[in-house]
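Chemist: Sequence:
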Amino acid sequence: MIVRRSKVFGKKLHSGLAYSFSKNFVQWYSRRLAAAFGAKGARVLSVSPGSFDTAMGKLEADHGASDLLKVSAIKRFGEPEEIAAVLAFAASEAPGYLTGVDILVDGGTRAGQEFKSKS
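According to our numbering, the sequence shown is numbered sequentially starting from 172.
Hints in this document: simulated from the structure, not taken from any laboratory. Hints are not guaranteed to be accurate.
[As the list claims (entries may be wrong)] Label pairs and their computed distance ranges (CB to CB):
#1 Ala213 with Phe286: 28 to 38 Å
#2 Gln284 with Thr225: 16 to 26 Å
#3 Ala210 with Ser237: 37 to 47 Å
#4 Gly279 with Lys229: 14 to 24 Å
#5 Ala232 with Leu258: 19 to 29 Å
#6 Ala265 with Thr225: 43 to 53 Å
Beta carbons are placed, not taken as given, at the ideal position from N, Cα and C, and that holds for glycine.
Make the full structure from the sequences, and use the hints.
Modeler: Right, here's the structure in full:
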């Protein structure tokens, strides 16, 4: 709604900006909750998955996600079991000191985007 009402950005940017705003909010909110609930023993974090080999991932493949594989460190879509393993680890007692962070599970896509023009 914020993006749609804004006259600053063109309509072509609305969906991307809405996604970016919502993702940043989730990351901020995870930090906020971690600070608020840490003293009570709760750990809070967010997970940012990249492109995965699922029905939804196949839809995204036709809309640019496949192009991201060109810059990713791991040149494939993730498997559902791989994100499940990260979620199971995060929910376990093993990372007892992990809180207030976002876990990026994107096969190195963001790293590839960030450093492709610098190398």
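Chemist: Could you work out which earlier hints the structure fails to respect and list their numbers in ascending sequence?
Modeler: The structure breaks only hint 6.
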